[in-house]
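Participant: Following the hints, complete the assembly by docking chains B and C onto the known chain A.
So you can see what is in the structure, the chains are spelled out below.
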Amino acid sequence: MDLLQVIVSGLLLGGVYALLAAGLNLIFGVMRVINLAHGELLMLGAYATFFFYDTTGLNPLLAIPLVAAAMFAGGMVLQRLTIERVVGQPLLSSLLLTFGLSTLLTGVALNLWTTNFRSVVYEPLTGSLGIGGLSISRSRLVAFAIALVVSGATYVFLRRSTWGKAIRATAQHAEVAQVCGIDVGRVRLVSFGLGSAMAATAGSLVAIVFTFNPEIGRVFIGKAFAIIVLGGLGSFVGAFLGALTLGVTETLAAYYTSTQLSEAVAYAVMVGVLLVRPSGFFGQAES
Amino acid sequence: MDQPVTNEAPVLSVDDLSKRFGGVQAVDKVSLDIAPGRITGVIGPNGSGKSTLFNLMTGVARADSGAVTFQGTDITRLSSDRINRLGIGRTFQLTRLFGKMSAIENLVVVSRHDRATAERNAAELLDLVSLGHVRDEYAENLSYGQQKLLEFVRLMMTDPSLIMLDEPFAGVNPIMERRLLDTMRAWLDAGKTIVLTDHEMAIMMEICDDLYVLDYGEVIAHGPPAVIRDDERVMEAYFGR
Amino acid sequence: MSGVTEETPAAELERARESGRPVARLPRWERHLGWLYLVLLLGAVAWLAWFPRLANAYNVTLALTVLLVIALATSWNILSGFSGYTSFGHAGFFGIGSYVGALLIFYERTSWIPAVILAGFATALIALVIGYPTLRLRGPYFAITMLGLSELARIVVTAWDSLTLGGQGVYLPILRLEPPVTSGPLIDQLRNVVHNNQNYYAMLLLAVVAIVVSYAVGTSRFGLELLAIRDDELAARAMGIRTTRIKITAFALSSFFPGAAGAIYARHVGLIDPPSVFLVIWSIRAIATSILGGQGTILGPIIGAIVLTLVTEKVWETDPNLYQVFLGGLIVLVVLFIPGGILALLQDRGWLPRTRRI
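Chains as they are written, first to last, in my numbering: chain A, 16 to 302; chain B, 1486 to 1726; chain C, 5 to 362.
So that you can see chain A by itself, here it is in the shape it has in the complex (with noise of 0.2 Å):
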């Protein structure tokens, strides 16, 4: 019973990553840009719904439309300012460039508010549910359907709707994207934004499941990083799956072993998986 106990909270675990993982592979596959700054995003996200709750102490889960639309916003200027000057240049011009955002996102956060810990503790979604013997946390699963319902609507997003369409033919094939009349330059701008506010979203989540401090995002940049390296890229279905993965054999090892090595996991993981498959971690997005 342990066993299910910890399977199924590592699933509910998952859910959160998919999120994360899902705006990273989105920002790659539309602009080829390794955003080393994703994690940081989600620590912007988890602060902003932290203060949310902070000064109006309602409902934490209320501020995610809010701060998924502010880091909407957000995401879309750091776009124009930065990320566009390396679009199409050398993948290690942007990944240089979003290591230096990410210092200077982490190191801003550190100033205003210091490395220590916090967490989002609203009453109603404390505590466990008793579920068929299963004692499950109630924030976990409340993230885990949030994050499901906000993947699944991005799926949807990007199969159904033009916007989507556009995106996901800039994805494939700028050129030709460009040729049939698409903007590709907003189709970056918005992809961008789009995949800031799924990080911002997961780091509402991460604030109401977890603490957390400024330098969470490095912690899961290794992980959606791990995940995208399981579940290949471009694959929301894959990613997802990543993502359940990950998040089960880090709640296993953090069970059998201590908390400290299941932090390794991630990493484990990602260096792991390239180290047998050099191919695989943004598949062959360049020849």
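Worth double-checking, as some hints may not be accurate.
[To be verified] A short list of chain A residues far from chain C (calculated; beta carbon distances all over 12 Å):
hint: 1; residue: V21
hint: 2; residue: G72
hint: 3; residue: F87
hint: 4; residue: A88
hint: 5; residue: L110
hint: 6; residue: S117
hint: 7; residue: V136
hint: 8; residue: S143
hint: 9; residue: G147
hint: 10; residue: L149
hint: 11; residue: I161
hint: 12; residue: W178
hint: 13; residue: K180
hint: 14; residue: S250
hint: 15; residue: T260
[What the hints assert, rightly or not] Have a look at the derived ranges for each label pair, beta carbon to beta carbon:
hint: 16; chain 1: B; residue 1: R1670; chain 2: C; residue 2: T248; range: 34 to 44 Å
hint: 17; chain 1: A; residue 1: L18; chain 2: B; residue 2: L1579; range: 31 to 41 Å
hint: 18; chain 1: A; residue 1: T274; chain 2: C; residue 2: H199; range: 44 to 54 Å
hint: 19; chain 1: C; residue 1: L283; chain 2: A; residue 2: G148; range: 36 to 46 Å
hint: 20; chain 1: C; residue 1: L283; chain 2: A; residue 2: T274; range: 14 to 24 Å
[Claimed, not checked] Listed next, the stretches of chain B that the computed footprint assigns to chain C, with coverage defined by at least 3 CB atoms under 8 Å from CB atoms of chain C:
hint: 21; stretch: 1574–1583
hint: 22; stretch: 1597–1604
hint: 23; stretch: 1619–1628
These are calculated hints, taken from the structure and not from any lab test. The structure presented is a predicted model; accordingly, all values stated were derived computationally and were not measured. Here a beta-carbon is modelled for each residue, glycine too, at the ideal position from N, C-alpha and C.
Facilitator: This is chains B and C only, laid out in the frame that chain A set:
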């Protein structure tokens, strides 16, 4: 239709080489022999698998099946640096120079002699193709024609016995084309073997001793230019669709 | 086939003449730059060797930090700057070196000089082992893998507390200072200064070795081979350059210095724990410094280290968080506006020749 141009043993032979990319059979059971001291051409429409075949032969890509033998050595699974060191040099369809290195550094870096000899050889080669005045300029700042020439002489720095040129005439003006042809003739005189690809029928007919015609990754015809000219399948591949 | 244009010979000549600047040969004095550097280096070393006699303890530590950053940035540049295989793992090597050195002294009572040297070689050996699989990855994936490995090293060192004492850290015996000798025979005075500033002199030596190695790499064919890998690895291989061997050699060479520097640093601060020596900021410092000065050049990382450290050290001491903002912002600005760093900017303007001796 297979008529050997010489009776000498081939320097390089390809046996049943195949490569798939996803659903596309880029190279399909290709076999060919390269006669020493001659120019062998591989022609075919764009996308017929010429570049992939070159990449498989030089270790830049891995074949799914089949074998490549160079002077009796199986080189199918060797890495491209080892293949080069055995004596096969190549150029790329779009020039691939070391952009942020000067013209002379582009040559020195591939030489296998000591630094002083390498620099002397490099300077001589640059003068030979009238690039002496740009020796210290970054390769990426050279004109397209100059880059082509530089890639040609970089090839000579490693003194390969078999030279493979992937579409050397693409985008080259007539004067440059003559200069490239002169260089190739000098190579033949020095006893080297040349393989080249192009999709321009006319020029290939003129300069090659032996031709292989590729279509959809398959060899559809082989023989001296005179024979190829009259081959129906070749005409069909080029004009029939 | 895009980008391929027909050019008439006249246009071609025109372009050759007008491609930016006149295509001048390298100036005559370029040949003698090596000697100039030697004189400058000897002068700097002589002055820095005398420095502890002139300066207070604070300034000696500041100089030690400059030398530390020179060693880190210059060595990072040997692999990442020249070959383009950006490593986010320098902090990992620094941390490993710190621990190897500190634990040798702590458990084995190894005297500190061999401990530092062993720390350097142990780190280089680790690089050799992990380099073989990781350097097969294309550049960006290598970069991310190194980020992961660096974190992994920190977690392993933290968790393996039976060996590393885990999170509580390792204390090293504090250097017993002798009372300053300011009179008597000069040799005694010198011995006294050297004794009281051992870590400083060790770092000075390490930085000088790093600079000499960097110069040797930068001006040799090995350096050109690394640059060829950076510009077009596939073509480099096809031209017979043994890319794998070269990358791994550069990686091992590059990781020796953070390893040895980490061990000296451990002794200097007297207490190390995983968060302090595996801090990502060590990687950030090496990277920011190198790209500011100019990666893939010899002088770039040195200039960057001196400028950046002297300007920002006060910030680092008083407010490490602000320091991080500063370095992060700097990286962003450099990538966006002067991607080649200060030296490439000067070279593009034609103020400096494009020579590998720069």
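Participant: What are the numbers of the hints the structure violates, in ascending order?
Facilitator: Violated hints: 5, 6, 17; rest satisfied.
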